[in-house]
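K.L.:
Once you have looked at the hints, place chain L on chain W.
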Amino acid sequence: MPERPLDSETVADCNREFKGQLERYAWAIVRDWSLASDAVQNGFVALSQFGGDVAPEARKSWLFKVVHREALRIRSSESRYKQAAHDAGVVRETQTTYEVSQLENLAKKEQIAGLGQRIEALSNEQQQVLKLRIFEDRTFAEIAETLQIPLGTALSRMRLALDRLRANDTEKDHEK
Amino acid sequence: MKNKMPNNPSNHLLEAMLYVLNDPFLDRDEYEQRLASDPLLGESVAEAVGLLQDIKAVSASHTKPVVTVAVPLSAQRAPVVFWQWSISIAASIAMIAYVGWQSFVFERNNHNQLANVVNAWSDLHQLDGLDNVEDAKLRSVGLESELMLEADEVLDEDVPDWLISATVAPVAVSVGETIQ
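Protein sequence lines, in the order shown, are assigned to chains W and L.
Residues in the first sequence are numbered consecutively from 80, following our numbering.
Residues in the second sequence are numbered consecutively from -2, following our numbering.
Hints listed in this document are in silico derivations from the structure and should not be mistaken for laboratory results.
Being a predicted model, the structure only gives us computed values, none of them experimental.
Using N, Cα and C, we set each Cβ at its ideal position, and we do this for glycine too.
The reader is advised that the hints may include incorrect statements.
Sample of chain L residues facing chain W (criterion: CB under 7 Å; computed from the structure) [as the list claims (entries may be wrong)]: (1) L10; (2) V17; (3) P21; (4) D51; (5) A54; (6) V55; (7) A57.
So that you can see chain W by itself, here it is in the shape it has in the complex (with noise of 0.2 Å):
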């Protein structure tokens, strides 16, 4: 691993381009975005005190693994820690939501307002299993069985439905 510092005007542009995109991944693997944010944090004093030799082209796929690292070490020192509290009888809330700025916000909804046209867009199909998946989560095989459709359409219809939301999305993203 590289082991010189990478300077601070580097590790800020990083942060504004990538420290979204990390968190949501992050997120993914510890399901809170206190700890995440965290993971992130974490990923991004590795990246200034190592990063110096990272390629620049690389740096986003270093961050992912770092921050793939510690959130993983997160996850398994909080569920330890869950464990424990849990014997002693100590709830701790977890952080449910993600805070954006102002900014962030009008763009966001805007972002949502486009998205809802996408999502009516979508045949009835791809619209049933998307709600039944993410609404009323209900795994695919159950979907399957609901909708009286094989396994493999039910998986096909939602990843139909998510290539249509990105797609546009990524049109959207080009037009900007």
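P.N.:
Quick look at chain L alone, frame taken from chain W:
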């Protein structure tokens, strides 16, 4: 048995969504091992989390559900649905019958009470020859005055004068004074 999808870029977002949603179809341990070595998969996971947040935000910003689903009636659900419908229809019929019976009983009681009053009034009318309540009032006033007159007559005739005057003007009795 855990499943593995073909490592096809078109499946990356779906796999990531399965991971984020904790779907048992995906082998999570195996997927996390792949995540550690392939940052591109990590980007898909971040994208899936973002998309999921946005979809939920869309739902929260609408008063009506964004997606409405009509689930077809399967052979397994049919008996359940049948019983649900039967119970709700039976409950509705019971409720209507109860309300109907209650109003019938109320109506009948009301009618009986009125009939009793009318009968009683008509019996009274036949016995006394009274035409109305006013007559009854007058009658009672007349009886009272008759009783009073009778009482006056009794007082006048049978009570001695001294007793009448004693009740009107009480005798003052002081210490040491005796009544003779």
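K.L.:
Taking each numbered hint in turn, which are not upheld by the structure, reported in ascending numerical order?
P.N.:
Result: hint 7 breaks, nothing else.
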